[in-house]
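For what it's worth, my numbering labels the leading residue of the sequence shown as 1, then goes sequentially.
Hints in this document: simulated from the structure, not taken from any laboratory.
These numbers come from a predicted model, not from an experiment.
Among the hints, erroneous ones may be present.
To be verified - Distance condition first, Cα-Cα at most 20 Å in a straight line; then the derived SDA-like pairs of lysine to any residue:
(1) K198 - L327
(2) K158 - T36
(3) K73 - K198
(4) K158 - L92
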Amino acid sequence: MTYRNTWKIYILAIVSFLVGTSEYIISGILDQIAHTLGITLAAAGQLITIFSLVYALSTPVLMALTASIDRRKLMMYALGLFVFGNVLAFVLPGYGWFIAARIIMAMGAGVVVVTIAAKIASEGKQGSAIATVVMGFTASLIIGVPLGRMIAVALGWKSVFGAIALLGLIAMVVIFFTLPHTEGDKPVPLLQQLALFKKRKVAMGLSITFFWLGGYSVAYTYLSPYLLNISGINGKLLSGVLLIFGIASLVGSKFGGYSTDKWGVPFTLVGGMTLHIVTLILLSLVTHSYIGVLMILILWSFAAWSTGPTQQFHLATIEPEMSGVLLSMNQSMMQFAMAVGAGIGEVFVENVSLASITWVGALGVMIAIITSLTIFHSQPKQTLKDINQ
Numbered sequence: 001m002t003y004r005n006t007w008k009i010y011i012l013a014i015v016s017f018l019v020g021t022s023e024y025i026i027s028g029i030l031d032q033i034a035h036t037l038g039i040t041l042a043a044a045g046q047l048i049t050i051f052s053l054v055y056a057l058s059t060p061v062l063m064a065l066t067a068s069i070d071r072r073k074l075m076m077y078a079l080g081l082f083v084f085g086n087v088l089a090f091v092l093p094g095y096g097w098f099i100a101a102r103i104i105m106a107m108g109a110g111v112v113v114v115t116i117a118a119k120i121a122s123e124g125k126q127g128s129a130i131a132t133v134v135m136g137f138t139a140s141l142i143i144g145v146p147l148g149r150m151i152a153v154a155l156g157w158k159s160v161f162g163a164i165a166l167l168g169l170i171a172m173v174v175i176f177f178t179l180p181h182t183e184g185d186k187p188v189p190l191l192q193q194l195a196l197f198k199k200r201k202v203a204m205g206l207s208i209t210f211f212w213l214g215g216y217s218v219a220y221t222y223l224s225p226y227l228l229n230i231s232g233i234n235g236k237l238l239s240g241v242l243l244i245f246g247i248a249s250l251v252g253s254k255f256g257g258y259s260t261d262k263w264g265v266p267f268t269l270v271g272g273m274t275l276h277i278v279t280l281i282l283l284s285l286v287t288h289s290y291i292g293v294l295m296i297l298i299l300w301s302f303a304a305w306s307t308g309p310t311q312q313f314h315l316a317t318i319e320p321e322m323s324g325v326l327l328s329m330n331q332s333m334m335q336f337a338m339a340v341g342a343g344i345g346e347v348f349v350e351n352v353s354l355a356s357i358t359w360v361g362a363l364g365v366m367i368a369i370i371t372s373l374t375i376f377h378s379q380p381k382q383t384l385k386d387i388n389q
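Turn these sequences into a full structure, and let the hints guide you.
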């Protein structure tokens with residue numbers, strides 16, 4: 001990748017970082033939002049549900065409708081919508097307006113930058129370009145959430161969205177003057193995408209994503225209040241804990257890719273989700289032990305995110321000729337799972353207890369394991385051998 005194109009890719013990675021931070025930051029400041037707006041934790045959790053649901057439902061439609069539009073122009077429109085949503089979140093008071101702002105943010109955020117990243121990259125470097133942009137999204141979990149928590153404590157939680165809007169505006173200016181005009185792609189009709197669900201192996205494969213990430217979302221959505229009120233973590237230490245949690249997710253993701261290559265999909269997928277369940281149960285049993293809780297959080301984040309690359313590879317092997325469409329559908333399914341998980345978490349926090357979310361999350365991941373084992377058991381031995389290789 002030439003130097004001229006490399007720094008353009010990093011601009012898109014920064015945009016990806018801003019988008020990821022705007023989605024994940026709510027879980028890091030949930031307690032502050034609830035207190036300031038005078039709402040319950042469950043109501044505050046709806047902000048994640050709404051964002052993820054709008055993201056999941058609007059992205060395939062918007063991408064299909066705008067497939068032929070110049071990619072730079074589309075990026076400008078989408079980023080402008082995203083910035084506008086963050087400005088609304090920063091300046092407008094009240095819960096209702098904040099919900100409206102989250103909807104606008106999600107519609108802008110859903111228009112991904114991976115396609116244009118691949119086209120900007122030099123020939124043969126498209127893969128690393130996409131990986132760099134995706135790394136920006138991952139960095140939002142590692143840096144964005146704990147940094148956002150620190151800013152929120154010092155300046156108030158609304159300042160986080162003001163900062164994201166400002167950085168997004170700067171990114172728009174840079175993109176306008178630097179990124180080249182790039183033609184859109186031939187659209188894949190939505191009906192053709194939805195038709196894939198008729199295939200049992202596709203439906204079951206995507207359901208693994210739904211139950212794995214849905215179970216994760218049940219607990220992660222309410223992570224900050226859970227650590228403060230159930231685990232007994234000191235509020236002053238929470239930003240550091242969230243930073244370590246994010247770093248563990250990156251290590252887990254890297255290990256998931258390595259393990260898939262070395263030991264295969266079944267071992268990595270089922271093993272990672274089994275550890276995921278164990279850590280959620282341990283988190284509910286260990287309280288008021290900073291070191292103990294921290295170690296469990298590290299293992300939980302590691303296990304949860306080791307599943308990501310493995311599941312993506314698994315889906316790509318189910319229908320190789322439609323792998324691009326399947327992976328795109330998987331991104332929407334991930335957002336849908338986050339939305340449903342946050343919604344289920346809200347119900348249990350409101351009607352049962354905050355402490356119940358780890359058990360409910362573990363149940364969701366258990367269903368994902370059962371689905372995985374069913375798929376692997378039903379596959380011909382030759383196919384399973386190919387997957388392991």
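Hints versus structure:
no. : hint        : verdict
1   : K198 - L327 : holds (16 Å)
2   : K158 - T36  : holds (10 Å)
3   : K73 - K198  : violated (35 Å)
4   : K158 - L92  : holds (10 Å)
Violated hint: 3 only; the structure is consistent with all others.
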